[in-house]
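So the protein lines, in turn, are chains A and B. Following my numbering, the numbering of the first sequence begins with 1 at its first residue and continues without gaps. Following my numbering, the numbering of the second sequence begins with 1 at its first residue and continues without gaps.
Honestly, I wouldn't trust all of these hints.
Stated by the list, open to error - With a straight-line cut-off of 30 Å between C-alpha atoms, the simulated DSBU-like cross-links for lysine-lysine are:
#1 B:K105 with B:K166
#2 A:K416 with A:K214
#3 A:K603 with A:K578
#4 A:K211 with A:K416
#5 B:K105 with A:K318
#6 A:K416 with A:K603
#7 A:K272 with A:K214
#8 A:K416 with B:K145
#9 B:K105 with A:K272
Claimed, not checked - Chain B is faced by these chain A residues, among others (derived, beta-carbon under 8 Å):
#10 V48
#11 E49
#12 A52
#13 G69
#14 D70
#15 P309
#16 V311
Quick caveat, the hints were computed from the structure, so don't treat them as lab data. Just so it is clear, CB atoms sit at the ideal spot from N, CA and C, and this is done for glycine as well.
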Amino acid sequence: MSTARYAIGIDLGTTHCALSYVDLEASDGEAAAQQVLHIPQLTGPGSVEDRALLPSFLYLPHADELTAGDLSLPWTAAQDYAVGEFARSRGAATPIRLVASAKSWLCHAGVDRRADILPAEAPDEVARISPLTASVRYLSHLRAAWNAAHPDSPFDAQDITVTIPASFDPAARELTAEAAQAAGYPHITLLEEPQAALYSWIQRSAGQWRKEVKRGDLILVIDVGGGTTDLSLIAVLERDGNLELHRVAVGEHILLGGDNMDLALAYAVTRKLAAQGTRLDPWQTRALAHACRAAKEALLSDPTLDTVPVVVPSRGSKLIGGSIRTEVSRDELGATLVEGFFPEVAVTEQPISRARGALTQLGLPYAQDAAITRHLAAFLTRQLGATAELDGFAEQPADSQFLHPTAVLFNGGVLKSELISARVLDLLNTWLEADGAPPARLLGGADLDLAVARGAAYYGYVRRGRGVRIRGGTARAYYVGVESAMPAIPGMEPPLEALCLAPFGMEEGSEAALPAQEFGLVVGEPVRFRFFGSSVRRQDEVGTLLDFWTDDELQELEEIEATLPAEGRRPGDIVRVKLHARVTETGTLELEALPVDGSARWKVQFDVRGDGSAAGDDAQAGVTAD
Amino acid sequence: MARTTPSFFRRIGLAFSVLFNAERAAQLQHDEAEDEQPAADASIAPAAEPQPVILRETTPEAALQLLGLLQREARFIDFVQEDVAAYSDADIGAAARVVHEGCRKVLGEHFSIEPVRAESEGSRITLAEGFDAAAVRLTGKVVGKPPFTGSLGHRGWRVTDTRLPKLADGHDASVIAQAEVEL
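Model the full assembly from the supplied sequences, consistent with the hints where possible.
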């Protein structure tokens, strides 16, 4: 790894992937020589183009659908699926063969992510793939694209960083690392996307960032991507005269992004057309969604426009006779997008659950409340105490309702629009004013589309000690559920206690202490534990036992599972073990069951859906002698 | 001889200036005016019979590719193949938006296009001797010698970069829009 010529950053996005790289030899200090790889991909049958973004779509064609060579890429002719732009456009007309939003499925705890379940709506005849496999294929495509462009600097010899949402739970992080491994990646490092966006901002400022932020600043990163909204808070501290950045809090996982907004607008226009007596078939509806996106971009980028015509072309070759014309007005855009997704709410408001409307797509747990501002309010309110322990931070006034950021960094295509970014900033400043705090300022100059990939590559560079690093470690503390010992009461479950295994803020490559508590595991049988995470309990140490908590404090994650192999023991025996946590260099959390006699280590599995199905068994078999 | 050669060499020089540049052409003229026995042009000068010029055949593949892109993004073929006489301007205008937006996208994605002349149209410009006659077309009273001064009627366009998709071996580019059959 030390011989790497390039630091490569990969943004594995819900709707797009991108790859950026820093030439380590040509970089010096804060002047990093950085570029974005143009990724060869199919854009039509048999036609390959280089694009800066690789759409995260995968198409599984019918055997008779394409002719020989139609799926050929510069590096292979033997692939029976398409990834990228062609997959997206071809799949729009044949959704039963299209895999989309694989990343959202990868962090969907309700399904077995290693099982072949995508496309969710595919008929039996289509050979489905798993969310994990889809991610492997995107990552493999990027690796092959790199190798085709840099034959002298093979991918596997470079320093690679892959980004993930800050809100990813331990299982989703592990699956991402596993996907990279399966795609043939050497050692990788995971980086949270909002951090990557801030790194990119730092890099672009070429040293000026030290003048734009100061000790005591609290930077709120709002990242609204194609499919997810990700929130993080990063504090600016000073040590020995140098500024230091600490990521102090991350938000919940919110499945809500730009694609939902495009859909919502198209839905509003469809209703308008229906009211005028024009009904659209599915093909026209998709064409309308496409046209609405263009209209949205035109209205958002030019404040002088009042209406933008929208034309739904006919499907047949008669273009003029068969097209449907309508328009999108600024008022409609405001009502659907700004008021629908960024309403002016009070900071005390919480996201609400309600019947699902136009946003639902079978299977994925989309955010029920489309109001991103309400999610933001809830995040800042929940994190009120996040900076209490930080050196150099003025204590929040006692009657504060929420944590007061002093600066805001936007990321993601949606926030390119002044209309939307201004609404978010104004609303935040209204909240701050009501709480008697000074307004937050905008950190400008970010490239909202490629910032994450760029920031990830820059991170690979600064990790070599050549720039400022954001510290923070894990953004949650983790707990295992323990049934408390009490006399059985018929009809009542024994109360549950939560034992802290991993404290808040564990850095990569560090190990938690070994708790005193022991568990009895039955040899040869999988044992499941309830598992919890907290993004607010910063004080708990390993071994802390909670007997009471609010829903806001601890969130239940997927169950975890430990299986002790029967080798050398009699099945049915009980072995006393302790549960031990560590954070790998990659950035994933690992839990191990250690027998009290210290004779072995067994990995405890996240993502145990599917009741120990084939994939699960494979992964559990690994016993490492200590 | 001394009176006729300059005009002959002048023409050769102009031809070179198109191929290379003004400085090179001027240099050439200068060298050859000094040397009364130009060796370089010895083979051309005595040729009485004009040599047949071999014109290049352009391959249709790139043109077909462009038509395919224009159809895919802009419904270009559909639009042009349709008889517009039967439709109102409003209908044609609506369709033209699809075509315009799509054509723009194709041009933007696959070509880098910039004006040949940076000056604004209508302004007076001067063309120095040895100007690029392939890039600038003279019209009107075309007499005398450079420098020529005139008014810029059209800025011209120059493609500085072309990025057409690469095609797989055996790909049939003549199908510029596939027939669609919904099952």
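Comparing the hints with the structure gives:
no.: 1; hint: B:K105 with B:K166; result: holds, 18 Å
no.: 2; hint: A:K416 with A:K214; result: holds, 25 Å
no.: 3; hint: A:K603 with A:K578; result: holds, 12 Å
no.: 4; hint: A:K211 with A:K416; result: holds, 24 Å
no.: 5; hint: B:K105 with A:K318; result: holds, 21 Å
no.: 6; hint: A:K416 with A:K603; result: violated, 44 Å
no.: 7; hint: A:K272 with A:K214; result: violated, 50 Å
no.: 8; hint: A:K416 with B:K145; result: violated, 54 Å
no.: 9; hint: B:K105 with A:K272; result: holds, 28 Å
no.: 10; hint: V48; result: holds, 5 Å
no.: 11; hint: E49; result: holds, 4 Å
no.: 12; hint: A52; result: violated, 11 Å
no.: 13; hint: G69; result: holds, 4 Å
no.: 14; hint: D70; result: holds, 7 Å
no.: 15; hint: P309; result: holds, 6 Å
no.: 16; hint: V311; result: holds, 5 Å
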